[in-house]
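K.L.:
What follows is each chain in one-letter form.
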Amino acid sequence: MFDLPTANIGGPDLFVLEFGDIVAYFSPYTAALFVFALIFTVLVIVSRPERQVDIAFGGDAYYTKVVDPDLLRFQRFMAIACGLATLGAVVTGDVFNFTLFASMVGITNIGIVAAYRNRHVLNAAFQYGIVAMLATVPLFGGAAIVLAGTGTLSMWELFGGAMAVPLIAKAFLVLGVMGEGMAPFYIAKAEITRAQGAPFILMVHVSSLLLFLRVTEIVISM
Amino acid sequence: MIEYLLFATFIGLLFHGIHRKVIARVQGRPGPPIWQEILHTLKFSFKETWIPKTASQTLFVGIVFVAIAIWSGALFILLSGGSILLLFAVYLLHKIVEHGMGLSTGSPYTKFGAIRSVISAASELPLLVTVVAIYFFTRSLSIADIAAYQEVHGPLLILAFPAAVAMYLVILSKMHYGPFSIIEAKEIVSGNMTEHFGVWRAALEVAYALKTYVLLYAFVLIFIGSLPLALTLLVMLLVLVSLSFVCAVTPMLSPYDTVTIQTLVTGALVIYILILGVVMG
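First to last, the sequence lines map onto chains A and B.
Each residue of the first sequence is one higher than the last, beginning at 1 in my numbering.
Each residue of the second sequence is one higher than the last, beginning at 223 in my numbering.
Excised from the complex, chain A in its bound form:
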C-alpha cells in the first residue's frame, strides 16, 4: 500500500510507521535527514549554553555574560519542540502534515529567539515572526491547491507521476518554507545569533535547512 515509486529520488522506502491515518516513512533520504535532526535534538537536550565573551571597546578588558536559568529552561523547551517538529516534517508522508510541521517549526523558532531579552534580538525576532506568519499563507495555500488539483495529499499518490500537481502549488510550498527561515528571508538571522544559547539557536538553522531539503525532495518528486 505504501510502496514508493521505484524512480523516487529519495530512494525506495525502507520502513513505514502508521499512526492511524498519519503515516511517516523512511527512505534513505528521509532517514538521513531524520538522523541528523535527532542528533541535534539530543544535543539540545544534553548541552548547556556557552557563556558569551564580549570585548570592551577602548581597552583590553573583556567580560562574560551571565546565563539566566529561567531563560535557559524556556529556550531548551522551545528548541526540543522545534526538534520534534523537524523530525515530523522530514519523515511525514502527507503534504498537509508537512505544512503543519513547517509552521510549527516557524513558531518555535520565534520562541527560541524571543526568549532572549536584548533589544536587537527582540527586534530580529519580531521581524522574523512577521515573515514566518506571512509565509504560512503560501505554505497552506500550496497544500490546499495540491488537494484541489489532485484530490489527495498523500505523497505516495503524488510521487507516482500519474497526477499533475499545479506548478503554482509547488512554488507556494517552496515560498512558504523559505519564509519559515531560508534565504532570502533569513535577514534577521544574523541578529538572532546575538542571542545566547548556541545549541538552541543552532536548532533554528538546523530546522530551516532540513525543511528546505525536504521540500526540495517533495517538489521535485511531485
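Hints may be right or wrong, so weigh each one.
Stated by the list, open to error - Facing chain A, a subset of chain B residues (Cβ under 8 Å, in silico):
| id | residue |
| --- | --- |
| 1 | 276 |
| 2 | 280 |
| 3 | 281 |
| 4 | 305 |
| 5 | 307 |
| 6 | 308 |
| 7 | 315 |
| 8 | 317 |
| 9 | 318 |
What the hints assert, rightly or not - With a Cα cut of at most 30 Å, we get these calculated DSSO-like pairs of lysine-lysine:
| id | chain 1 | residue 1 | chain 2 | residue 2 |
| --- | --- | --- | --- | --- |
| 10 | B | 243 | B | 275 |
| 11 | B | 408 | B | 243 |
| 12 | B | 265 | B | 408 |
| 13 | A | 65 | B | 408 |
| 14 | B | 275 | A | 65 |
| 15 | B | 317 | A | 65 |
| 16 | A | 170 | B | 317 |
| 17 | B | 396 | B | 265 |
| 18 | B | 269 | B | 396 |
| 19 | B | 269 | B | 243 |
| 20 | B | 396 | B | 408 |
| 21 | B | 265 | B | 243 |
Said to hold, decoys possible - Pairwise CB distance ranges (calculated):
| id | chain 1 | residue 1 | chain 2 | residue 2 | range |
| --- | --- | --- | --- | --- | --- |
| 22 | A | 149 | B | 232 | 46 to 54 Å |
| 23 | A | 162 | B | 225 | 41 to 49 Å |
| 24 | A | 66 | B | 265 | 34 to 42 Å |
To be clear, the hints were calculated from the coordinates, so they are not data collected in a lab.
Using N, Cα and C, we set each Cβ at its ideal position, and we do this for glycine too.
Chain A is already provided as a structure; the job is to place chain B on it using the hints.
P.N.:
Frame of chain A; chain B shown alone:
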C-alpha cells in the same frame, strides 16, 4: 570502506598542501612543502587539548564528530552511486557545522565567523540549481544513473556547461584562501575555527580533507563520468590547480559582495533552468 576513508583523507590533505603551494608559486613565494597539511594534522593530534571554559562543551566536541560523520557519509554516497540530492543535503548540513563551531565557544571571533557563515548561505543555492539542471537531462538524481547517462550521451560538462560552472563556484566557495572564504578571514583570527585546537583541530582538518576530496570527486563523477581511479585523481588535481589559480589571483571579497555574486550566479542559473524547461519540456 575504512581503507578508502583513510585514502581519501590522505589525498584530501595532500590536495590542501598542493593548493597552498600553487597559490604561493602564483604569488611569487616559495610556499610550504605540499605535505605541510599532513604534518599539521599530525602535529595537532599530539598537542595539548582542552575545551574553553566559556564553551558549550557538548556542542563544542559534538560538532567535530558531526563534521567527520557527514563527509564520511558523503564519500559513501559517492562510492555507492547514491543520490546527489543526499550529497546536496550533506553540503547544506556542513553549514550547520560552520554555525555550530562558531557559536559553541562564546568567543567573539568565532561568533563573527558563524554570523558570516549565516549571511553567506547563498553559496548553497548554485548547488540546488545544479541538481535541478542535471535532473532535466538525466531524469534521475542517482550518481550511478548519471554516470550511465554520460557513457551514452557524453559528459555533462559539455551538455550542461552552466551547471558545471555553478558547481565549480560551489567548490570554490568552500576552498581555503579563496575569494569567498570570509568565515575564516584573518581579520577575525581564524574565524569559526579559532577556538578549536589540538585534537579537535586535527579532527576538523580530517573532515575538511574529506570534504575537499568528496567535492572534487563529485565534480568529476557528475560532469565527466566514471573514470579509472588514477585518471579520476588526475582530473581532480587539474580542477584543484585551476581553483588554486583563482584563489591566488582573487582578493577576498567583502561579506556583502560574496552574497551578491553568489546570488547573481544563482539568478543566471535560474534563467538557464527556465530556458531548459521550455526547450526540453
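K.L.:
Does each hint hold? Answer for all of them.
P.N.:
Consistency of the hints with the structure:
no., hint, verdict
1, 276, "4 Å, holds"
2, 280, "4 Å, holds"
3, 281, "5 Å, holds"
4, 305, "6 Å, holds"
5, 307, "6 Å, holds"
6, 308, "6 Å, holds"
7, 315, "6 Å, holds"
8, 317, "7 Å, holds"
9, 318, "6 Å, holds"
10, B:243 with B:275, "36 Å, violated"
11, B:408 with B:243, "19 Å, holds"
12, B:265 with B:408, "21 Å, holds"
13, A:65 with B:408, "26 Å, holds"
14, B:275 with A:65, "13 Å, holds"
15, B:317 with A:65, "26 Å, holds"
16, A:170 with B:317, "25 Å, holds"
17, B:396 with B:265, "24 Å, holds"
18, B:269 with B:396, "27 Å, holds"
19, B:269 with B:243, "25 Å, holds"
20, B:396 with B:408, "16 Å, holds"
21, B:265 with B:243, "19 Å, holds"
22, A:149 with B:232: 46 to 54 Å, "53 Å, holds"
23, A:162 with B:225: 41 to 49 Å, "46 Å, holds"
24, A:66 with B:265: 34 to 42 Å, "37 Å, holds"
Hint 10 from the earlier list is the only one contradicted by this structure; the remaining hints agree with it.
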